[in-house]
Amino acid sequence: EAGVTQFPSHSVIEKGQTVTLRCDPISGHDNLYWYRRVMGKEIKFLLHFVKESKQDESGMPNNRFLAERTGGTYSTLKVQPAELEDSGVYFCASSQATSVLSEQYFGPGTRLTVT
Amino acid sequence: DAKTTQPNSMESNEEEPVHLPCNHSTISGTDYIHWYRQLPSQGPEYVIHGLTSNVNNRMASLAIAEDRKSSTLILHRATLRDAAVYYCILRDKPNSGYALNFGKGTSLLVTP
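Chains as they are written, first to last, in my numbering: chain A, 1 to 115; chain B, 116 to 227.
Among the hints, erroneous ones may be present.
Across the chosen pairs, the derived CB separations fall in these ranges [unchecked claim]:
#	chain 1	residue 1	chain 2	residue 2	range
1	A	Gln-17	B	Ala-178	28 to 38 Å
2	A	Lys-41	B	Asn-138	16 to 26 Å
3	A	Asn-62	B	Gln-157	23 to 33 Å
4	B	Leu-154	A	Lys-78	25 to 35 Å
5	B	Glu-129	A	Leu-84	36 to 46 Å
6	A	Asn-63	B	Ile-189	36 to 46 Å
7	A	Gln-55	B	Thr-194	19 to 29 Å
8	A	Glu-57	B	Asn-169	31 to 41 Å
9	B	Ser-156	A	Gln-17	20 to 30 Å
10	B	Lys-184	A	Glu-42	21 to 31 Å
Source of the hints: derived by calculation from the structure; they are not laboratory data.
The structure displayed is predicted, hence computed values, not measured ones.
The C-beta atom is built at its ideal place from N, Cα and C for all residues, glycine as well.
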């Protein structure tokens, strides 16, 4: 069974440009989460999809971030325009059930560098 | 949200048992105690979880104090591959949704 995959593994862009990160969850997992770790900080939650609906987007930092999950399969996270403070590692996770008992499976992350 | 406190770092010798402590003195009755770890250059991975009773799985054991104000993750025989940051996380949907609230964790160093 394939795990959570993320693309690209690394992205380097200039301030003001746009970047789109992609996450493919484990097949059959209705729940998809985005997290990020910015330099020197803890891993922080961004948002949670259940199928194609946003269940919780309380962690999204501002309106420069847009997450979508059309069709309830893969998800994209777009940053437009990117700022220096957006640099960090963006993780995607998926889980089968919408439950605090449900294990979240993480992808390897996308390292975003904004110069 | 209930908070957890973990030592910043710990060190262990290979093939020795490791006890990673976590304090959660403000835990509520509905909080589950979860442990995740993050190996270098990888995403976090689930280790174990429990509510009141001690739990065992193929990766580790979780010992929960009777008053639930603390818990200990036990790796029975540390290997070099166990070097990672270990996170103790409380999860209680009514108060905190389904997101994982990672703190600073404990960085475990395993030496040969």
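Outcome of range test on Cβ distance (Asn-63 (chain A), Ile-189 (chain B); 36 to 46 Å): holds, 45 Å
Lys-184 (chain B) versus Glu-42 (chain A) beta-carbon gap, inside 21 to 31 Å or not: Once the Cβ atoms are compared, 22 Å apart, the range 21 to 31 Å for Glu-42 (chain A) and Lys-184 (chain B) holds.
Assessment of proposed distance window 31 to 41 Å (beta carbons of Glu-57 (chain A), Asn-169 (chain B)): Taking Cβ atoms as reference, Glu-57 (chain A) and Asn-169 (chain B) lie about 37 Å apart, which means the hint holds.
Cβ distance range 28 to 38 Å for Gln-17 (chain A) and Ala-178 (chain B), holds or violated: With Cβ atoms ~49 Å apart, the hint is violated.
Beta-carbon spacing of Asn-62 (chain A) to Gln-157 (chain B) - inside the hinted bounds 23 to 33 Å or not: Because 28 Å falls inside the window, the suggested range holds.
Supplied distance hint 20 to 30 Å, evaluated on CB atoms of Ser-156 (chain B) and Gln-17 (chain A): For Gln-17 (chain A) against Ser-156 (chain B), whose Cβ atoms are near 25 Å apart, the range 20 to 30 Å holds.
Verdict for Leu-154 (chain B), Lys-78 (chain A) (Cβ pair) under range 25 to 35 Å: holds, 29 Å
Satisfaction of the hinted span 36 to 46 Å by the C-beta atoms belonging to Glu-129 (chain B) and Leu-84 (chain A): holds, 41 Å
Asn-138 (chain B) and Lys-41 (chain A) - C-beta distance against the hinted 16 to 26 Å: holds, 22 Å
Outcome for the supplied range 19 to 29 Å, where the beta carbon pair is Gln-55 (chain A) and Thr-194 (chain B): Violated - the Cβ-Cβ distance for Gln-55 (chain A) and Thr-194 (chain B), about 37 Å, lies outside 19 to 29 Å.
Hint check: violations occur at hints 1 and 7; the rest are consistent with the structure.
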